[in-house]
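Chemist: Residue numbers (our numbering), protein chains in the order written: chain A, 1 to 238; chain B, 1 to 180; chain C, 1 to 548; chain D, 1 to 174.
Be aware that one or more of the hints could be misleading.
To be verified - Quick list of in silico lysine-lysine cross-link-like pairs, PhoX-like style, CA-CA up to 25 Å:
{"id": "1", "chain 1": "D", "residue 1": "K111", "chain 2": "C", "residue 2": "K253"}
{"id": "2", "chain 1": "A", "residue 1": "K80", "chain 2": "B", "residue 2": "K46"}
{"id": "3", "chain 1": "A", "residue 1": "K177", "chain 2": "A", "residue 2": "K80"}
Claimed, not checked - According to the in silico footprint, chain C covers these stretches of chain A (three or more CB under 8 Å from chain C):
{"id": "4", "segment": "85-98"}
{"id": "5", "segment": "187-201"}
As the list claims (entries may be wrong) - One side of the interface only, derived from the structure: several residues of chain C facing chain A at Cβ under 7 Å:
{"id": "6", "residue": "K458"}
{"id": "7", "residue": "C459"}
{"id": "8", "residue": "G465"}
Hints in this document: simulated from the structure, not taken from any laboratory.
Beta carbons: idealized from backbone N, C-alpha and C, even for Gly.
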Amino acid sequence: MSVTTLTIDGKLISASQDETILDAARGAGIQIPTLCYVDGLSAHGGCRLCLVEIGGSSRLQPACFMKVAEGMVVQTDTEKLREYRKMIVELLFAEGNHVCSICVANGNCELQTQAMDVGMDHERLDYTYPQRQVDLSHERFGIDHNRCILCTRCVRACDELEGAHTWDVAGRGSNSKVVTDLNQPWGDSPTCTSCGKCFMACPTGAIFKQGATVAEMDHHRAKLEFLVNAREKKQWHV
Amino acid sequence: MARLKLATVWLGGCSGCHMSFLDLDEWLIDLAQLADIVFTPIMDRKVYPENVDAVLVEGAIANEDHFEFIQDVRERSKLLISFGDCAVTGNVTAFRNPLGSALPVLERSYLELPDLDPHLPVEPGIVPRLLERVVPVHAVVKVDAYLPGCPPPPDRIRLALETLVAGKPLELHGKDIKFG
Amino acid sequence: MELSDLHDIAARERANRPPVEIRCCSAAGCVSSNSPAVLEELRGAVQSAGLQDRVKVAAVGCMRLCCQGPLVQTVPDGALYQKVTPESAPSIIAGLQGGQVTAERCDAAAPFFTQQASVVLENSGKIEPERIEAYIAVEGYHALHHVLREMTPAEVIQTITRSGLRGRGGAGYPTGVKWATVAKNPGERKYVVCNADEGDPGAFMNRSVLESDPHRVLEGMAIAGYAVGASQGYIYCRGEYPLAIERLQKAIKQANQRGLLGTDIFASPFDFRIDIRIGAGAFVCGEETALMASIMGGRGTPTPRPPYPAEKGLWEMPTLLNNVETFANVAAIIRRGPEWFAGIGTERSKGTKVFCLTGKVVNTGLVEVPLGTPLRRIVEDIGGGAPDGGTIKAVQTGGPSGGCIPAEFLDTPVDYESLAKLGSIMGSGGMIVMDQTTNMVDVARYFMEFCMDESCGKCVPCRAGTVQLHRLLSRILAAEAGPEDMQRLEALCQMVRDTSLCGLGQTAPNPTLSTIHYFRAEYEALLQKAGPGQRRRLPLVAATDNSR
Amino acid sequence: MTAEAAKKPPAHPSGDKRFKLLEVAMKRHQFRQDALIEVLHAAQELFGYLELDLLLFIARHLKLPPSRVYGVATFYHFFTLKPQGKHTCVVCTGTACFVKGADALLAAVSKQASVASGATTTDGELSLLTARCLGACGIAPAVVLDGKVMGHQDAATLLSELKGRLPDGTLGPA
């Protein structure tokens, strides 16, 4: 594999040619914020938090998709990017019904963490207060659509790791929602194996363990990467 | 230096933020050395005074009294700080918003659940009417700083008050702006 | 099939043509104005007058002046009739024998007709779109033969490059460069896709071309297939265009039967199949990666580029995507040479462009003009200006991705760069005229609502940002917004433009930004009307006194 | 081919002939998964709308996950999962129609028949729908009533046309 050198935030970095900017940056200890990206699953490119500036181009590019190239000059933390990231997080809060104080994921939520990281101390946009459902029909898990940010991590985990493809996205635009099978109660799903990978993948408290109470729930997200390494590389990182 | 004139206000919230404020315990005595508390729900004063230096507002705007009162508070205060998640985001107080109006909540509470004499409370001048939608404070008046948390932990409140007393701009970062 | 066979078909077609032809428009615009009944009456009248040997009634494609449909033209004298009814139609036949014609005359010498050019629409309104013989008689498929027998793929690409043709779908990417990229990228299969998902509201150029001259598009696609090394083509057509789909299906069937599509075309080793994929009502599928996702049977959501379709497109194979009008230019360029084509238009924008002129303008319909034609000539001379003594306020081009060009810039030449300089885009060719009664903030909100409804929902800025922008615009329009809302609107517009995943979101703020730029006074007036609001009004109605 | 791959899903138990026709349509596409949208078009043409049972039938025959079929069916505006009214009135909301007053047409029908855009009247007589752009801008504002395109409409002409088609009561008092 040929090696490429590029500059990220002024730091000269070498990376292998097929790596993404995100991989290369992380390898060099540079953190780029992400929400829809999770180790072990394919990239989605939807949350736009990992957008970076690339020298010579006016278009921002998602670090999770964009491959490194020789001589590339990447900026991951400019004032413009910081402001845009803050607006993205604000858009997400305005779009759903996120109430951290009563959420099972309070303290373990990637959206909540992003809000702190981008410096969001209040919402500058209008809350839209959509009417959304909670499905508690599954014996082990539940989904609260009020907390869903449509990152599709559950969809990808179910399809790519478990292979069941119980989840998918239905509807479109602001009417999108994740569904199980034909939008039937999760508990009735004939395809669901109750493996819990969707739960592990979920960045917020949208998919939760039945019986979890406020702020007590951890997702064990690293399990997904553990599974991928075990399955594909036959390496068990315990 | 003139002593800081400080106020606290309680709108559509559970008073938890004020409880957290009281959890500052003995530091409150230190605070009393530095500032005058000129208005607060925990003391008996009916009218919000003029020329308040800083006010911590707990709670969201949920009824017409909140709506009118917050505008008085704004006019008479130099710095208005949204205090806690209800004031900052609407939080639990705004839970009814996805239902589209206040009526479903009232009907559930006063018509469906009671066994005796179900009726909607209508007492003009005594019971303020609910707004159709609960909104955070900054949706109604200009807010100068935000102190999130449900409730904001005492050390966060202390940090904020120390900053105010020192006359520095209040801008919190990182874990100090954690919602919830 | 050989060249001589093409000549035979053409000769037979010409020999069988009676001295008089009555052409009746059968494109969707006139069909909805009852042209099928007119056609039937015309045929009946020819029968009863016993003129079958002398007069042919032909169902042709669009004659451009859609607002006056149904249109009927007699050839060779060229007399044109408008708003023909089933009642007035027979009088046209009677007129051939000296009777009185009661059908309303349309001035074929009016600027609307005489100031137009004809490349893409050269056969439109002249030939029968449902008969391949009619297309062959006007040298149809001759270019494909020439390409397969006389040119190498590289030469074809060079010809297209030399012509200066640029993509007619919106962005104006050089067609030759795109073809060359697909040709050089390795892949065990390659695809050619025709984007006929003409989704811009107020634009129907592609529908008209497909309904009026479908073989032209098939021929262009086949030539492209040869040039880039593809043997499979797809036409992705909007489901809203049933007539276009029907005619395409017929055209493909006829071309297959004649050996002009399929295997060993013109006894060469070149195989090319074309299949139709019917869209199902999703504007975002006009975006190329979303379109491909839809062709493959999925949700029409876009994916980040790179990789570009030319590298990894349908089923991960190199894929050439062009718009209907782009393909419709190809055969003409081959037939008449790249220099001829490059002689039309401006330095950087070659050839002609078809526009749909609609809105507050006297003549609405299809307009084809050389690129670089001043906007004023299109809307005032050809279009006849605003109706009822109104004045033109702005011209909107480029649909939901475009902008509003104010009347003071009507002398701007219409080409890719000039429109971009004005904050609009060429887009696919929608051109909507607005007069003094149009509220520009309302226009901005209209387009934002469109983008909000059509957002696929995959990326946050487009899915949630358009909702917020729509709310802000609604509030401004209702005179309930303050200066801080205006600032937020502009900041959010920039953010959605810079961070959205695909073209839909990236361009969704354009109509808003362009109306803010040119018509800020209208926004300011609404902010003024809202007043400074010393005490905010009760924004929300209280519910509790609903005592039931 | 393994026995598993060759396994053919059973015919629909209802015995409804339309399922047979749908199978023929799927066969024409060799049961290819990428023909899902074509198959959904065919199914909606046959059945008028896409019931869950029908979506499941399609999922089984194309060997696709049900959620995928549901996701695609709900992505595209052409597909409807609810039965439509006996009559449909589609108001074009393209830009040319917008500039010429399509909003007023929509509002008039919506008010007169007490039905929201995109919904069906309670008596199941009329579905009021909107189209993005019919491409009939030359005759704006345009409406499609039961499949017939009508141009140059205003509230009066449209309502009187509707009155002629609908039973008394679907349209409220004038």
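Chemist: All the hints need checking, so say for each whether the structure fits it.
Modeler: The hints, checked one at a time:
1. D/K111 with C/K253: violated (47 Å)
2. A/K80 with B/K46: The given pair, whose Cα atoms are some 47 Å apart, is violated under the 25 Å limit.
3. A/K177 with A/K80: violated (30 Å)
4. 85-98: Check passed, 6 qualifying residues.
5. 187-201: violated (count 0)
6. K458: Given a least distance of 5 Å, the restraint on C/K458 holds.
7. C459: At 5 Å from the nearest chain A Cβ, C/C459 passes the 7 Å test, so the hint holds.
8. G465: It holds, given that the least Cβ distance between C/G465 and chain A is near 6 Å, below 7 Å.
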